[in-house]
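Q: Sequence:
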Amino acid sequence: MHTKHMAERMQLCALLIGTMALAIMSVKAQETNKFKEFSKPVIDIGMVAADADKSAKFYTDAIGFTEVKGFSVTGELGRKIGLIDNHPVTVRMFVLGEGDLVTHIKLMSFADAPGKKADQSYIHSTLGFRYLTLYVASTDTTLARLKKAGVKPIGETPIDLGNNMRLTTVRDPDGNFIELIGP
Numbered sequence: 109m110h111t112k113h114m115a116e117r118m119q120l121c122a123l124l125i126g127t128m129a130l131a132i133m134s135v136k137a138q139e140t141n142k143f144k145e146f147s148k149p150v151i152d153i154g155m156v157a158a159d160a161d162k163s164a165k166f167y168t169d170a171i172g173f174t175e176v177k178g179f180s181v182t183g184e185l186g187r188k189i190g191l192i193d194n195h196p197v198t199v200r201m202f203v204l205g206e207g208d209l210v211t212h213i214k215l216m217s218f219a220d221a222p223g224k225k226a227d228q229s230y231i232h233s234t235l236g237f238r239y240l241t242l243y244v245a246s247t248d249t250t251l252a253r254l255k256k257a258g259v260k261p262i263g264e265t266p267i268d269l270g271n272n273m274r275l276t277t278v279r280d281p282d283g284n285f286i287e288l289i290g291p
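Per the working numbering, residue 109 is the first one in the sequence shown, and the count goes up by one each step.
Since the hints were made in silico from the structure, they are not lab data. Careful: at least some of the hints might be erroneous.
Derived DEER-like restraints, expressed as beta-carbon distance ranges [to be verified]:
{"no.": "1", "residue 1": "Thr182", "residue 2": "Leu209", "range": "25 to 31 Å"}
{"no.": "2", "residue 1": "Val203", "residue 2": "Phe146", "range": "14 to 20 Å"}
{"no.": "3", "residue 1": "Leu204", "residue 2": "Lys162", "range": "17 to 23 Å"}
{"no.": "4", "residue 1": "Val199", "residue 2": "Ile231", "range": "24 to 30 Å"}
{"no.": "5", "residue 1": "Leu235", "residue 2": "Gly263", "range": "19 to 25 Å"}
{"no.": "6", "residue 1": "Asn271", "residue 2": "Ala219", "range": "41 to 47 Å"}
{"no.": "7", "residue 1": "Val176", "residue 2": "Ile267", "range": "29 to 35 Å"}
{"no.": "8", "residue 1": "Ile267", "residue 2": "Lys177", "range": "33 to 39 Å"}
{"no.": "9", "residue 1": "Asn271", "residue 2": "Asp152", "range": "26 to 32 Å"}
{"no.": "10", "residue 1": "Asp268", "residue 2": "Tyr239", "range": "18 to 24 Å"}
{"no.": "11", "residue 1": "Lys148", "residue 2": "Ile189", "range": "17 to 23 Å"}
{"no.": "12", "residue 1": "Phe146", "residue 2": "Gly190", "range": "17 to 23 Å"}
{"no.": "13", "residue 1": "Pro222", "residue 2": "Ile267", "range": "30 to 36 Å"}
{"no.": "14", "residue 1": "Ile189", "residue 2": "Asp227", "range": "25 to 31 Å"}
We put the beta carbon where it would ideally sit given N, CA and C, even for glycine.
Please construct the entire structure, taking both the sequences and the accompanying hints into account.
A: What follows is the structure, encoded as structure tokens:
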């Protein structure tokens with residue numbers, strides 16, 4: 109059992125190191141403007157939720173995002189872009205910071221065309237983007253905010269990653285995984 113626990117910790121550490129390496133590379137790319145083919149060194153994430161209001165409450169109250177001005181897309185434009193089959197949608201936007209170089213979550217729901225739920229048992233249960241990793245300033249503050257919002261960590265989290273870092277995993281209202289990493 110001890111060997112299994114060590115193997116799990118080593119996998120989590122490898123995941124953390126890989127994620128940190130990507131974050132460092134992103135900062136270096138911004139500093140050197142090495143990747144000139146991209147006009148903005150961040151990724152925006154489009155997310156379809158069963159209930160946008162419920163998910164908005166989760167991402168603001170439990171996680172700490174700030175909602176900013178969103179936008180609407182007509183059914184015709186969505187069809188032309190190739191993302192929506194003629195359904196209009198209002199896209200709500202959420203950020204974790206200020207300025208142009210912050211990632212946005214674009215949250216939307218389609219009441220007249222509800223999507224099918226993916227198997228959210230584990231990250232390996234369904235192909236595709238499977239979880240968000242957010243870096244927090246304080247795990248204790250994050251845990252208090254989650255508790256106040258009625259959100260319970262999953263698995264045996266928070267777990268100690270070493271170097272005064274802990275990893276907490278939660279699920280949003282649609283079952284999507286979110287890792288919260290911080291001291």
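Q: Against this structure, judge whether each hint is valid.
A: Evaluated hints:
| no. | hint | verdict |
| --- | --- | --- |
| 1 | Thr182 to Leu209: 25 to 31 Å | 29 Å, holds |
| 2 | Val203 to Phe146: 14 to 20 Å | 19 Å, holds |
| 3 | Leu204 to Lys162: 17 to 23 Å | 20 Å, holds |
| 4 | Val199 to Ile231: 24 to 30 Å | 26 Å, holds |
| 5 | Leu235 to Gly263: 19 to 25 Å | 22 Å, holds |
| 6 | Asn271 to Ala219: 41 to 47 Å | 46 Å, holds |
| 7 | Val176 to Ile267: 29 to 35 Å | 32 Å, holds |
| 8 | Ile267 to Lys177: 33 to 39 Å | 37 Å, holds |
| 9 | Asn271 to Asp152: 26 to 32 Å | 30 Å, holds |
| 10 | Asp268 to Tyr239: 18 to 24 Å | 20 Å, holds |
| 11 | Lys148 to Ile189: 17 to 23 Å | 19 Å, holds |
| 12 | Phe146 to Gly190: 17 to 23 Å | 21 Å, holds |
| 13 | Pro222 to Ile267: 30 to 36 Å | 35 Å, holds |
| 14 | Ile189 to Asp227: 25 to 31 Å | 28 Å, holds |
Violated hints are absent here; each numbered hint is respected by the structure.
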